[in-house]
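S.K.: Next come the chains, spelled out residue by residue.
There are 2 protein chains.
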Amino acid sequence: MSAEPFRRSVATVCLSGTLEDKLAAASAAGFHGIEVFEPDLVASPWSPAELAARCADLGLSIDLYQPFRDLDSTDPARFARNLRRAEAKFDVMAALGTDTVLVCSSVAPDAVDDPDLLAEQLATAAARAGERGLRIAYEALAWGRHVSTWEASWDAVRRAGSPALGLCLDSFHVLSRGGDPAGFAAVPGEKLFFLQLADAPRLEMDVLQWSRHHRLFPGQGAFDLPRFVACVLAAGYTGPLSLEVFNDVYRQADPARTAVDAMRSLQWLEEALALRRPDAGLPLPPAAPALTGWSFTELAVDGVSGPVLGGVLDALGFTHTGQHRSKPVQLWEQGRARVLLNASVVRPTGPGVASVAALGLESSDPPGSAARAEAMSAPVLPRTRGTAEAELSAVAAPDGTQVFFTRTGPDGWPADFLPTGRTAGPGAGITGIDHVGLTQPFDAFDEAGLFYRAVLGLDPQEVTELAAPFGLVRTRAVTGPDRAVRLTLSVSALRRGGWAPGVPEPQYVALATDHLVATARALRAAGAPLLPIPANYADDLEARHDLPADLLAAIREHGLMYEEDARGGYLHLATDVLGDRVFFEVVQRLGGNDGYGTTDAPVRMAAHRRRRQALPAAEG
Amino acid sequence: MSAEPFRRSVATVCLSGTLEDKLAAASAAGFHGIEVFEPDLVASPWSPAELAARCADLGLSIDLYQPFRDLDSTDPARFARNLRRAEAKFDVMAALGTDTVLVCSSVAPDAVDDPDLLAEQLATAAARAGERGLRIAYEALAWGRHVSTWEASWDAVRRAGSPALGLCLDSFHVLSRGGDPAGFAAVPGEKLFFLQLADAPRLEMDVLQWSRHHRLFPGQGAFDLPRFVACVLAAGYTGPLSLEVFNDVYRQADPARTAVDAMRSLQWLEEALALRRPDAGLPLPPAAPALTGWSFTELAVDGVSGPVLGGVLDALGFTHTGQHRSKPVQLWEQGRARVLLNASVVRPTGPGVASVAALGLESSDPPGSAARAEAMSAPVLPRTRGTAEAELSAVAAPDGTQVFFTRTGPDGWPADFLPTGRTAGPGAGITGIDHVGLTQPFDAFDEAGLFYRAVLGLDPQEVTELAAPFGLVRTRAVTGPDRAVRLTLSVSALRRGGWAPGVPEPQYVALATDHLVATARALRAAGAPLLPIPANYADDLEARHDLPADLLAAIREHGLMYEEDARGGYLHLATDVLGDRVFFEVVQRLGGNDGYGTTDAPVRMAAHRRRRQALPAAEG
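From first to last, the protein sequence lines stand for chains A and B. Numbering follows UniProt numbering, with no gaps: position 72 of the first sequence is 72. Numbering follows UniProt numbering, with no gaps: position 159 of the second sequence is 159.
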């Protein structure tokens, strides 16, 4: 491990559970410190001194006590009471052994509007704090009554001129209002007492609701956090990088998992900072080697689903070309598309189920990819190797899918397979893997976007929302350079209940072809289980697009689907769901189309639902 | 059944599932017609003619085909293509046997800005429709590019002057922008082609997202739908009242249930209209008789939880005063608080579990309450009666709780109980039931608000959101006149997953006292299982409020909680969770406080979580 230039902290409000759950998670993920969110302490049976002892045991410093609300007041009697409240909290801080309290700008009707009076009241409180060796970090809430910009908070701190009073900068409060962090340069470094970090998606909504429900960890949203932090550091800030994220999903998700995700967001952020300032001597993790394409997609099967999948691959024009030296794994090939059927993977699925077990990605440097993954807190998987078997480095993605970093060559993973004697012929015109579609666990969608970004160096694309038959579904692609690697991640917008199917959407492998109509004809001739698409769909397509008559006829004949983006068309078909959890798509991209069949997905989902209801065996 | 002056319709987009699921649900709930949402048809294997036949079989008319988007265009070639697309949809409508299509204002970059050109293009399309006996209902989307108010849509329709062109009014699009329905009076009735109804909560967010995710059925939100519809009717509209609700929860909820909820919303709305216009001769359902208080709360118990609950009731100062004549039901009394322990209720809960099975509410007219419930589509429950037993009318609330309409008197329900010979003494100062708190199934929260409003005549209060230890929780009260009946309904903001407890919050019965400190002292002396509240809580309370020293001491000693609203304090305590699902609160309201301990709830939840982890037996 390289030296770490930053202390990494996390506010307890980021994590679900009781205070005990939160501390255990933050410590296990390797955080150096925490912000104590007051309601977590108030609900805890630990006294402040007991909490301090517990943190010391876990190697966690307490970097901030927060929040103290509505300090200033136009009513002198109320201000006196607020000061008394502050003194009580200073007692708590003394017992906790922390020296900084966050005071946020007032939202109360009696908030002070007069800059001089505000500065005077802040100075009074800071003097009380200073007498006890404590200090106040003053933060502008984006929805503060009179102080809602960092500039206004700095004006108050500057006017107060108190050594125990400084600023707390929060990336959400600044960036949600379009604030410019370049201005931080005007603030002396010793006045930057604390830094809270949160990312967020761009949403057009009330900033308070946006802040309370939709914050994300750095690298998961749309804010330029690297620039923000670079400006704070350039101004001379030397305190911790501390995360403060309010998010509906994380509030109810396993805190151990959230804490690792949070840690990865800081690792990603620190790398972005180091790359931005190569002169600053910041340590860099191993870079993510380029991922240049697909080696294989591996499906977990059993004695029931294996023969089903093998039969379908055969009908899709694949050839069973290899057999693993030591495991019950078949290699099927067509063009550059390679599919492994692995009957040795233990997955928590039922009998007869097939699922995507692993992605094999071509890496320019497989050990480098693994080192990168380890540096980014990804769980590196142990591999049992036979003597003649190639080294395979793998990590687990948030949904449990294994990601292998491989090289397809004489020394690479194909050496693990003994030839069956059959060689891949022209098949049905499938040339390779276009992309793989993975349904994410409800709690893991944002985590997965950051995982593929930080660990693999892929680019998360925009999140799209679909009105699917059994509820809204969110989906986004993550893509590599030149789109040599594409994945889609999807999740139901609400965790599914009793009415909607428990697994809203199966996973899929999208295969590429240069001539979908010809491929479809070949698949039908070979008896591939193509999904029937309603005639209404083609009628609607005809009404909306000026498609050539022969293409439209083929769409009707073979149950193809078609959508367009600004560059061209996306022509595709789907098979039935196989082994209850997985299907194949075959895709032809026209004119550089960069889509994923997203607008067609509800039609495909309804068709799958009908087929699965019609085929009782397919329900497992 | 009284005559129904309105046709009741529902857009298929309101309901989850495939088109087949939606039709079945709409028909079963008693709707007269549907709006066919085009994507539902496109994804369906039924041809338009087959759908028409299916609807005819189910007794459903097809009242509208929708939506047709982006008709007008500044590009003549594109407008020509749009007309061709419209002709294709006219073919579909002819096969469906429906005569009205919804054309919504364009959101496209090429939308027409010139009022005369827009009118000309609408007239051209309407002429084509008119030639085929069809008509176009033009609707202003609140986020339309140039036409975003109903006034602008009416201006276009008026200028066009085409008999086959009229308005579609949508309550969401008008009311979300603060539009005034009084202006409808200027529109001739025959130009009002269609009316779409949706309610919504007041949210400060982008109107498109508000519309797509948060619409509600009438009576569930903040819009004044009765006034809106009254204005539409006063202008001469004679078509159906048709619901169009886009809502994330309903999109994934059981459509059979949603359809009943939707029907109830129209029944509620029609009653509000009839009450508004007593001169119009609209039929009125039986009025909801006044609910004047609590008769009893009934807990379902078994051989394990029954004795536990009985012991706790004893320690709370209750006396076992009666035994049911024919069933294993005990009556416990203290003051006007009556609790039944019923060991004969079959509920889908585990062994040793106790839960709220029924609410007994004092009705001024129990049979009238039951008639009202039946008229509002509430499931009236069958009762098996012994010979000497009082008639009890009951309905099932959305969470399965039985609601009994009763009278506590010599002829009422107490006659079903034989005296045990023990009479209730002074007890611990508990005077009655303050309220009952019911955790709602995730999909039933908005449905429940409307149920208590429409069926029982209670008033739903504001929804509050709590940052609870395992995720956000929403809660609202529903209250009767003079607060003689109060309930709280709560639900997790996201359906709980594997990390957070499956049942986020137990149910509770809040008992009233006039002297909580004295009651707490008595309960402790009697060994009641009072929930310990952390000392940090009292420290925080002391910092925030100027409480008398003796009260603060009592709060610390007995683990009381205290919060304030503008009127006064809410002083309360909780017991441990009993039988895995239920606990008691004891509450003293000061100075007319109208709260429910909501801000204290996270502290109480964390304390309950700790106790349940510490008491293995309590986990069942």
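Any given hint could turn out to be false.
Claimed, not checked - Footprint (simulated), chain A over chain B, 3 or more residues, beta carbon under 8 Å:
{"hint": "1", "region": "6-20"}
{"hint": "2", "region": "201-210"}
{"hint": "3", "region": "252-266"}
{"hint": "4", "region": "307-320"}
{"hint": "5", "region": "491-501"}
{"hint": "6", "region": "569-579"}
As the list claims (entries may be wrong) - Examples of chain A residues lying across from chain B (beta carbon under 10 Å, computed):
{"hint": "7", "residue": "Asp248"}
{"hint": "8", "residue": "Arg257"}
{"hint": "9", "residue": "Glu542"}
{"hint": "10", "residue": "Leu590"}
{"hint": "11", "residue": "Gly592"}
{"hint": "12", "residue": "Asp594"}
Quick caveat, the hints were computed from the structure, so don't treat them as lab data. C-beta atoms are modelled at their ideal positions from N, C-alpha and C, and glycine is treated no differently.
S.K.: Each of the hints needs a verdict: does it hold here or not?
M.R.: Right, here's what the structure says about each hint:
Against chain A, the region 6-20 of chain B contributes 4 residues with a C-beta closer than 8 Å to a partner C-beta. That satisfies the three-residue criterion, and the hint holds. Taking a C-beta to C-beta cut-off of 8 Å, the region 201-210 of chain B contributes 5 residues in contact with chain A, enough for the three needed, and the coverage statement holds. Check result for the region 252-266 of chain B against chain A: holds, 4 residues qualifying (beta carbon to beta carbon below 8 Å, three or more required). Beta-carbon proximity to chain A at under 8 Å applies to 0 residues in the region 307-320 of chain B; the threshold of 3 is not reached and the given coverage is violated.
Interface restraint, the region 491-501 of chain B with chain A: holds (9 residues with C-beta to C-beta distance below 8 Å; minimum three). Counting residues of the region 569-579 of chain B whose CB falls under 8 Å from any CB of chain A gives 0; the rule of at least 3 is not met. Annotation: Asp248/A was flagged as interfacial toward chain B, and the flag holds, the nearest CB pair being 6 Å apart, inside 10 Å. The criterion of a C-beta within 10 Å of any C-beta in chain B is met by Arg257/A, whose closest approach is roughly 8 Å, and the hint holds.
Hint status for Glu542/A relative to chain B: holds, with the closest Cβ pair at about 7 Å, below 10 Å. Taking 10 Å as the C-beta contact cut-off toward chain B, the hint placing Leu590/A at the interface is violated, the least distance being around 20 Å. The beta carbon of Gly592/A comes no nearer than 22 Å to any beta carbon in chain B, farther than 10 Å, and the hint placing it at the interface is violated. Hint status for Asp594/A: violated, given a least beta-carbon distance of 20 Å to chain B, over 10 Å.
In the structure shown, a violation is registered for the earlier hints numbered 4, 6, 10, 11, 12, in ascending order.
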